[in-house]
Amino acid sequence: MELPVFADDIVGRIEALLLFDESSPMTLASGFFMLAFILFLTGYAVVRRAVTLRILYVAAFSLYFYYKLSGIYLLLLLFVALNDFFIAGRVAHDRRCCRSGRRWVVWSVTVNVAILAYFKATGFFVDLLEGLYGEGVIDMGKVIAPAGVSFFVFQSISYVVDIYRDRIRPLGRFADYLFLLSFFPKMFLGPLVRNADFISQMHSRDIAPSREDVGRAARLIAGGLVKYAVLAKCIGVLLVRPAFAGQLGDGGFVALMAVYGFTMQIYCDFSGYSDLAVGVALMMGFRLPQNFDAPYHSATITEFWRRWHISLSTWLKDYLYISLGGNRRGRLRTYWNLIVTMFLGGLWHGVGLTFIAWGLLHGVALALHKVWLAVIPGAAAVGWKMPWWRRVPGVIITFHLVAFGWLLFNASDMTEVAAMLGNMVGNFDTAQIVPFVESHWVAFVMMGVGYAMHALPTSFDRRVESAVIRGGFVVQVVLIVAAIWCTMQCSAMLEAADVAGAGLPIYANF
Amino acid sequence: MARRKKSLFRGWLTSVCVAAGACATALIPPAEVFGVKLHRTNVLSDISHFESDERDNVVEYEADIELLEQQIAMIENMQTSVAEQIDSTVVEPVRISYEWRTGDYSPQESARRPSSEELRPAADAAMVAIEDFDTLPQSRFDRFVERLVEGRPVRIAFMGDSFVEGDILTVDLRHELQTLFGGRGVGFVACDIPFATSRKSIKRRSAGWSSYSIMKPKAAPESLRDKFFVSGYMAEGGAGASTRWEITESYPTLAGAETARLLLLSREDSRVELTLNDTLSRSFDIEGDEALRQIVVESAPYRSIALKVLDGRVICYGVAIGSDDGIRVDNFSVRSNNGHAIFGTNPLINRQADVLLGGYDLVVLQYGLNIMQAGQRNYSKYRDQLRDMISYAERCFPDAAILVMGVSDRCVKNDESGAYEPIGSADALSAYQRAAADSCRVAFWNTYEAMRSMGGIKGFVNNKWAAGDYTHINYGGGRAVARALMLPIRDMAARKMEARERAEAAERRRLQRLEAERRQREEQMQMRLGAIADMADTLAGVTFQREE
Numbered sequence: 001m002e003l004p005v006f007a008d009d010i011v012g013r014i015e016a017l018l019l020f021d022e023s024s025p026m027t028l029a030s031g032f033f034m035l036a037f038i039l040f041l042t043g044y045a046v047v048r049r050a051v052t053l054r055i056l057y058v059a060a061f062s063l064y065f066y067y068k069l070s071g072i073y074l075l076l077l078l079f080v081a082l083n084d085f086f087i088a089g090r091v092a093h094d095r096r097c098c099r100s101g102r103r104w105v106v107w108s109v110t111v112n113v114a115i116l117a118y119f120k121a122t123g124f125f126v127d128l129l130e131g132l133y134g135e136g137v138i139d140m141g142k143v144i145a146p147a148g149v150s151f152f153v154f155q156s157i158s159y160v161v162d163i164y165r166d167r168i169r170p171l172g173r174f175a176d177y178l179f180l181l182s183f184f185p186k187m188f189l190g191p192l193v194r195n196a197d198f199i200s201q202m203h204s205r206d207i208a209p210s211r212e213d214v215g216r217a218a219r220l221i222a223g224g225l226v227k228y229a230v231l232a233k234c235i236g237v238l239l240v241r242p243a244f245a246g247q248l249g250d251g252g253f254v255a256l257m258a259v260y261g262f263t264m265q266i267y268c269d270f271s272g273y274s275d276l277a278v279g280v281a282l283m284m285g286f287r288l289p290q291n292f293d294a295p296y297h298s299a300t301i302t303e304f305w306r307r308w309h310i311s312l313s314t315w316l317k318d319y320l321y322i323s324l325g326g327n328r329r330g331r332l333r334t335y336w337n338l339i340v341t342m343f344l345g346g347l348w349h350g351v352g353l354t355f356i357a358w359g360l361l362h363g364v365a366l367a368l369h370k371v372w373l374a375v376i377p378g379a380a381a382v383g384w385k386m387p388w389w390r391r392v393p394g395v396i397i398t399f400h401l402v403a404f405g406w407l408l409f410n411a412s413d414m415t416e417v418a419a420m421l422g423n424m425v426g427n428f429d430t431a432q433i434v435p436f437v438e439s440h441w442v443a444f445v446m447m448g449v450g451y452a453m454h455a456l457p458t459s460f461d462r463r464v465e466s467a468v469i470r471g472g473f474v475v476q477v478v479l480i481v482a483a484i485w486c487t488m489q490c491s492a493m494l495e496a497a498d499v500a501g502a503g504l505p506i507y508a509n510f
Numbered sequence: 001m002a003r004r005k006k007s008l009f010r011g012w013l014t015s016v017c018v019a020a021g022a023c024a025t026a027l028i029p030p031a032e033v034f035g036v037k038l039h040r041t042n043v044l045s046d047i048s049h050f051e052s053d054e055r056d057n058v059v060e061y062e063a064d065i066e067l068l069e070q071q072i073a074m075i076e077n078m079q080t081s082v083a084e085q086i087d088s089t090v091v092e093p094v095r096i097s098y099e100w101r102t103g104d105y106s107p108q109e110s111a112r113r114p115s116s117e118e119l120r121p122a123a124d125a126a127m128v129a130i131e132d133f134d135t136l137p138q139s140r141f142d143r144f145v146e147r148l149v150e151g152r153p154v155r156i157a158f159m160g161d162s163f164v165e166g167d168i169l170t171v172d173l174r175h176e177l178q179t180l181f182g183g184r185g186v187g188f189v190a191c192d193i194p195f196a197t198s199r200k201s202i203k204r205r206s207a208g209w210s211s212y213s214i215m216k217p218k219a220a221p222e223s224l225r226d227k228f229f230v231s232g233y234m235a236e237g238g239a240g241a242s243t244r245w246e247i248t249e250s251y252p253t254l255a256g257a258e259t260a261r262l263l264l265l266s267r268e269d270s271r272v273e274l275t276l277n278d279t280l281s282r283s284f285d286i287e288g289d290e291a292l293r294q295i296v297v298e299s300a301p302y303r304s305i306a307l308k309v310l311d312g313r314v315i316c317y318g319v320a321i322g323s324d325d326g327i328r329v330d331n332f333s334v335r336s337n338n339g340h341a342i343f344g345t346n347p348l349i350n351r352q353a354d355v356l357l358g359g360y361d362l363v364v365l366q367y368g369l370n371i372m373q374a375g376q377r378n379y380s381k382y383r384d385q386l387r388d389m390i391s392y393a394e395r396c397f398p399d400a401a402i403l404v405m406g407v408s409d410r411c412v413k414n415d416e417s418g419a420y421e422p423i424g425s426a427d428a429l430s431a432y433q434r435a436a437a438d439s440c441r442v443a444f445w446n447t448y449e450a451m452r453s454m455g456g457i458k459g460f461v462n463n464k465w466a467a468g469d470y471t472h473i474n475y476g477g478g479r480a481v482a483r484a485l486m487l488p489i490r491d492m493a494a495r496k497m498e499a500r501e502r503a504e505a506a507e508r509r510r511l512q513r514l515e516a517e518r519r520q521r522e523e524q525m526q527m528r529l530g531a532i533a534d535m536a537d538t539l540a541g542v543t544f545q546r547e548e
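Each protein sequence line maps, in turn, to chains B and V.
At position 234 of the first sequence the residue is numbered 234 (the working numbering), and the sequence of numbers has no breaks.
At position 223 of the second sequence the residue is numbered 223 (the working numbering), and the sequence of numbers has no breaks.
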């Protein structure tokens, strides 16, 4: 048996590993995190019962992990935390003095939206100006959004608004707020948490996982790793990316499979990473909300948004839709609010026609569905209230509507959308199917596994979970190790094929 | 309620065991299960490695010139024996070349002869000369310039690393040369590459191929690993595999290509189809054989050409797009190659490609970017390897002059200050490269000096001529370097052209003098004849009078 040889300059290498490396930001799926987490848990066990110490300890680790993920943008996180911590205090003060505190909320939202707008829209406007006045007219360098900026900005806005709405009381110490904002399992890709719920967990005297929790966490981590780092990565690198870039030819079948592939890829990528986050938090005893609930089982578009990225949908509903007036200002205004909410949701993903089209598609579909519910007798908002003969076509239509949305979402511009659709309609050659599947069988196997896993009923999922919990320690360890091994096999395979995958989740860019 | 007890211990123990288990997976040796290759999974790969993996994964091409000599000798014997076979007509030799001449083909004369005035670079241009270490009266580099000046077809193989990937530099070198001396088209373009690239001069859409890089030969099936030639890439595909190349309009000289030479290997009988401009197509039945084959297309100027495999399995290398006369520059860039990869190419295929692609007149070797390390100033080992690369290239391309391009300027990030600082070893590596060229008696051009005279890589970055990594130039930077490289070539050509013009003027003068002399002689003759005639008349008159 061969043993590994340690590098000669091992000390230097470890030092380098501890620093931020732009080329490999740390995610929850990286080996570095795994080892650092053990160290973290060891200390965490010591400080667990001293609430203040625990908060400081976790906040310090969270900041370090954010530094490993984003480098210098740590300062931006600190700025947002400081700004909104201060504003929250002012809002609370105003409300005690019988003023509304509205101006402070406006200030907080302005600063936060300005930060987002700078990172999202600069590139768009620079392109626009260069298009009008020639290249080099303006030099802003390349603006790359720091990882997870949207998530901590959204969380921060919700904190200020919650205080304004008297849902929670402001936190007394800055460290508390830093903890809330930067809590490392969720800081990168969410899920966004409800402040009241999270604060009570944060201050809870005795927080640790039960045996069931550890089992549940093991299932979430293993499943999340496979979804995020195996399925999504392979489908993306081997099929979706080259197909959208036009490297796989312009057959209709290729275009169609690229869209189905991306539909599965984005689900596995995002829900897998969310599962990881929930699992890691659970290992520490924290319960984060569920972010995905088999979204492609939805029979209506309304149901889809109750099952997809639940924490963001809830956030959009609570802080945008309701702020706009929600459904309390008449029917027409409700439809309008839905469309505006989704339009802004689309714009948040990036300033560009494709994202605007994606947002409008969903906004209009949601509004139309609301009309449908009002007009058609016996129409139901969710699938389980429907008879099967309504539910089945509902699921198929909803899935394809969403998949079409993902085509808009992933295309780099509208001409790419037109090219893909044109190929699907005008260039569909059944003779291409077999050779294409043969030459890209790995991606198709991954896609098949993804869709098959997703097609299983939710009750099956629960049975797996309880089996893992009952299976005990050994089963759980073996499960996670097996998942890690698959992950590493997958990245080694992609590397050997010289198509090293993108290191970060899709939503890291948003 | 023991089961409800909350404890961190269990989670901690799980994490520790998971980490230990994950590390232990490294002990599973690499294997193959049901045809799926399992790799070694080393969680601690940042700080440790397995020696056997190093052996397996890192491709260390070693020069074996002795073996090469044997192989070349074998090839030459084979060629003579094939010639003998043809003579004796006992064995029908395999068909090497398949021609397709379209009906609208009418060869356009594109070669042009610039005047020495046009060639001569501006007097104030900061020129870095090409040093030719071949001191014999008629060196090979001389012959290359001679061919340019004579307006004969010239083929250039530009071998390099990521510095020229995407036709950077070469696209402008080609444009400059073709503007001066004629010729059209984009040169050699690969069929399919195992990773995404883009090239300004050509758009490629390929599908259905399994493509391999010489830098990762392990990814290729065993039977293909020794089939690379200097292009560094090959694509293997069965029925349905296709590639379409479309010439872009980025340079006026790119358009108007009339010929295409497609290189392929078809070990079994196969059938492929070529399509020009998406309209005109023709299929070819190719008899199975181990020899490198080409399909030569001659057509009216075309914009796009597509290859499709209809039947059988084919290994396609790529297509050389150009015209029969004038200049063709082929960009053979292989990412992260230090030049060593040439030792992994198949000399037989190199020789065949050389012949099929028209015989190279110049081979440029542009390497070294990946060898250079900050502060390292001794590259004697690389110098020795470079010598081997040169002699390898000389043997594979016997008629070509060799030009070694020195390493380019580069900056690296200072870990403390975060600023980019000169790497401090480019001049040293350049000197070693120059020494290698010197001892092999080939030509050398100091890229580093040329870039420095234009402000160095920092100046390039400020000019938006180079990427923010202070290493790779972009198309703008490529144009600057190409123009700098053109200066000494133009200078040498201008001298030759001037000598030629002078000789021609002298010749013209000599002819004029001869003509004048001839005319003078003729006039004298006429005069004499006239005089004789007069005399005869007079005499006749005299006789006449006497008779009277």
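The hints are simulated quantities; they were obtained by calculation from the structure and are not laboratory data.
Some hints here could point you the wrong way.
What the hints assert, rightly or not - Below, a sample of chain B positions facing chain V; criterion: calculated Cβ distance under 8 angstroms:
#  : residue
1  : ILE14
2  : GLY31
3  : GLY43
4  : SER210
5  : GLY285
6  : ILE322
7  : GLY325
8  : SER439
9  : PHE473
10 : VAL475
11 : ALA492
12 : LEU494
Said to hold, decoys possible - Going by beta-carbon spacing under 8 angstroms, a handful of chain B positions derived as facing chain V:
#  : residue
13 : THR42
14 : ALA379
15 : ALA380
16 : VAL477
Unchecked claim - Covered, in the sense of this in silico footprint (three residues per stretch, anywhere, with C-beta under 8 angstroms from a C-beta of chain V), are these stretches of chain B:
#  : region
17 : 243-253
18 : 425-436
19 : 478-484
C-beta: ideal position from N, C-alpha, C; glycine also.
*Looking back at the hints listed earlier, which ones does the structure fail to meet?*
Failing hints, ascending: 3, 6, 7, 10, 12, 14, 15.
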